[in-house]
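Going down the list, the sequences are from chains A and B.
Under this note's numbering, think of the first position of the first sequence as 3, with each following residue one higher.
Under this note's numbering, think of the first position of the second sequence as 3, with each following residue one higher.
Incorrect hints may have been included.
Claimed, not checked - Below, computed lysine to aspartate or glutamate pairings styled on EDC-like, alpha-carbon distance capped at 16 Å:
#1 B/K34 <-> B/E12
#2 B/K60 <-> A/D50
#3 B/K60 <-> A/D87
To be verified - Computed Cβ-Cβ distance ranges for the label pairs, DEER-style:
#4 A/S161 <-> B/Q239: 30 to 36 Å
#5 B/G214 <-> A/S161: 55 to 61 Å
#6 A/G64 <-> B/Q239: 35 to 41 Å
To be verified - Some residues of chain B that are not near chain A, with every Cβ distance over 10 Å (derived):
#7 L6
#8 A11
#9 G32
#10 P55
#11 P56
#12 F59
#13 R64
#14 R66
#15 A71
#16 R167
#17 A190
#18 Q210
#19 F215
#20 L230
If you're looking for bench data, these hints aren't it; they were derived computationally from the structure.
Fair warning: this is a prediction, and the values are worked out from it, not measured in the lab.
Positions of the beta carbon are idealized from the N, C-alpha and C atoms, including for glycine.
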Amino acid sequence: MQEQESEEGLVRAAQRDPAAFGPLYERYVDRVYSYIAFRVGDPAVAEDLTSDVFLKALEKIGSYQWRALPLSAWLFRIASNCLIDRWRRLAKMKHVPLDGSLGPMAGETDLDSLLGKRLTRQELVKAVSRLTEWQKQVIALRFAAGLPIAETAKAMGKSEGAVKDLQHSALVALRKHFLGTGEDR
Amino acid sequence: MTTLQDHLAECLEIIENGEDVGVALDRFPGWKVELRPLVETAVALRRVTPSTPPESFKASLRYRILNAAQKPKTRWPLRWNWRSMLLRTVTVVVALCILGTGTMVASADSLPDSPLFSFKLAGEQAQVRITLNRAQRQRLRVFLVEKRMNEVAAMLRSQGRLNERAIVLLGRETEAALLDLETNPDKASIASLEKMIVLLQRQEKLLQRAQGFAPPRLQPTVIRAMGLITGFQARAQLALERAKGK
Numbered sequence: 003m004q005e006q007e008s009e010e011g012l013v014r015a016a017q018r019d020p021a022a023f024g025p026l027y028e029r030y031v032d033r034v035y036s037y038i039a040f041r042v043g044d045p046a047v048a049e050d051l052t053s054d055v056f057l058k059a060l061e062k063i064g065s066y067q068w069r070a071l072p073l074s075a076w077l078f079r080i081a082s083n084c085l086i087d088r089w090r091r092l093a094k095m096k097h098v099p100l101d102g103s104l105g106p107m108a109g110e111t112d113l114d115s116l117l118g119k120r121l122t123r124q125e126l127v128k129a130v131s132r133l134t135e136w137q138k139q140v141i142a143l144r145f146a147a148g149l150p151i152a153e154t155a156k157a158m159g160k161s162e163g164a165v166k167d168l169q170h171s172a173l174v175a176l177r178k179h180f181l182g183t184g185e186d187r
Numbered sequence: 003m004t005t006l007q008d009h010l011a012e013c014l015e016i017i018e019n020g021e022d023v024g025v026a027l028d029r030f031p032g033w034k035v036e037l038r039p040l041v042e043t044a045v046a047l048r049r050v051t052p053s054t055p056p057e058s059f060k061a062s063l064r065y066r067i068l069n070a071a072q073k074p075k076t077r078w079p080l081r082w083n084w085r086s087m088l089l090r091t092v093t094v095v096v097a098l099c100i101l102g103t104g105t106m107v108a109s110a111d112s113l114p115d116s117p118l119f120s121f122k123l124a125g126e127q128a129q130v131r132i133t134l135n136r137a138q139r140q141r142l143r144v145f146l147v148e149k150r151m152n153e154v155a156a157m158l159r160s161q162g163r164l165n166e167r168a169i170v171l172l173g174r175e176t177e178a179a180l181l182d183l184e185t186n187p188d189k190a191s192i193a194s195l196e197k198m199i200v201l202l203q204r205q206e207k208l209l210q211r212a213q214g215f216a217p218p219r220l221q222p223t224v225i226r227a228m229g230l231i232t233g234f235q236a237r238a239q240l241a242l243e244r245a246k247g248k
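The following block holds chain A by itself, in its conformation from the complex (with noise of 0.2 Å):
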């Protein structure tokens, strides 16, 4: 509660004086960089877009209305609205998948022992892949940027509900194919 309150001080003042944006910034900058990393894959386009991002919320901070919307769900569908405008681009200019989750920033990073089986990044990202899209946005901004259950609904534009069935989906398919490469090998 009084971290909502400090939150809410720090809205108004940047809205009052944009100069004043700074602390906002760093409140949020990992987790919405960590967000768009996990959708993009490449560390260059998750700096790019990042960046909109932040640059798009100054712009538009003084329209910004706290009782609509938690300012980090406002955030992170900004940063939705800007992956989908890339993807857009991407898709017209017809050279990269619409979706690149974990793409080329995907090392042999190893996962940390799952089921007792040392799975990759690359593994991730293979299971990632094959999730539907409301999956992988929740896994985005629940693990990722570290969302709580109601942050992610609001984000999503969907009820709390909702999302726990997403995620609970979500889980079940990511397990079930680390158990299936796990016995591929």
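Guided by the hints, dock chain B onto chain A, whose structure is given.
Just chain B now, with coordinates in the frame of chain A:
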């Protein structure tokens, strides 16, 4: 009715709040078997998914935001070429008017804490806009970077005069010059790029000096500016290599 989905969400939020997986699962004795594999998958995902942005990127974006926050909003986005041409023409006319009044002459030696300084900047920007030859414009931009550095140095010499505007303008001028230089650099850009690299080395030393003298309220601005120098140097070096065709 509470479902597996609800328990899963609740269990994960308990873990997110710092509890161990085992302790969290113990709170749902009737659902442990179903929850365990999903919770393990979620925990593994959480370990591998968060990516941290590089500090240099964060510092540079912070600086861009600071600059953007200080810029007045323009009503005319330069979407159309005719607008750009019109703006250019208006700028030339305004610049000529300013030149005619002699304000430019009076403001030539002004420093960023002077009321005349804005006239000086407007004149310089007009000069940049009307310089259509690319190589000449690049030379002019590099010259302006040096000018901003000299202003910071002058303010440092008269103790207590250094202000945030001087540092921010130095960064902005350097960024503008680099953007111009790194866009399709060619042989004609080589001399300007070499000069830029030397200036950036001097700028680094100048900012180190500024850090020594700057009052505490200016320290964050100076530190941010210093954080950008490495990136500027790398970009200039890269552009020079491209210009030389390596």
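Verification of the hints:
1. Note on B/K34 and B/E12: the hinted pairing holds, with a Cα-Cα distance of about 13 Å set against a maximum of 16 Å.
2. Of the supplied pair hints, the one linking B/K60 and A/D50 holds, its CA atoms being roughly 11 Å apart against a limit of 16 Å.
3. Our distance criterion of 16 Å between C-alpha atoms is broken by B/K60 and A/D87, whose separation comes to about 23 Å.
4. A hinted range of 30 to 36 Å for the beta carbons of A/S161 and B/Q239 is inconsistent with their spacing of about 53 Å.
5. One distance hint, 55 to 61 Å for the beta-carbon pair B/G214 and A/S161, holds here, with the actual separation near 57 Å.
6. The hinted range of 35 to 41 Å is satisfied by A/G64 and B/Q239, whose Cβ atoms lie roughly 40 Å apart.
7. A cut-off of 10 Å between C-beta atoms contradicts the statement that B/L6 is not in contact with chain A; the least separation is 7 Å.
8. The Cβ of B/A11 sits about 5 Å from the closest Cβ of chain A, inside the 10 Å cut-off, so the non-interface label is violated.
9. No Cβ of chain A approaches the Cβ of B/G32 within 10 Å, the least distance being about 17 Å, so the stated non-interface status holds.
10. Separation of B/P55 from chain A is inadequate, the least Cβ-Cβ distance of about 4 Å not exceeding the 10 Å criterion.
11. The Cβ of B/P56 does not lie farther than 10 Å from every Cβ of chain A; its closest approach is about 8 Å, which violates its non-interface assignment.
12. Consistency note on B/F59: stated as away from chain A, yet its beta-carbon is not over 10 Å from all of that chain's, at 5 Å minimum.
13. Distance check on B/R64: its Cβ comes as close as 6 Å (rounded) to a Cβ of chain A, failing to clear the 10 Å threshold; non-interface status is violated.
14. A Cβ of chain A approaches the Cβ of B/R66 within 10 Å, the least distance being about 7 Å, so the stated non-interface status is violated.
15. Separation of B/A71 from chain A is inadequate, the least Cβ-Cβ distance of about 4 Å not exceeding the 10 Å criterion.
16. With a cut of 10 Å on Cβ distances, B/R167 stays outside the contact zone with chain A, its closest approach being about 12 Å.
17. Every CB of chain A is more than 10 Å from the CB of B/A190 (nearest about 28 Å), matching its label as outside the interface.
18. Even its closest Cβ contact with chain A, about 24 Å, leaves B/Q210 beyond 10 Å, as expected for a residue assigned away from the interface.
19. Every CB of chain A lies more than 10 Å from the CB of B/F215, the least distance being 24 Å, so the non-interface label holds.
20. With a least CB separation of 14 Å from chain A, B/L230 remains clear of the 10 Å interface cut-off, as annotated.
Checked against the numbered hints above, the structure breaks hints 3, 4, 7, 8, 10, 11, 12, 13, 14 and 15 and satisfies the rest.
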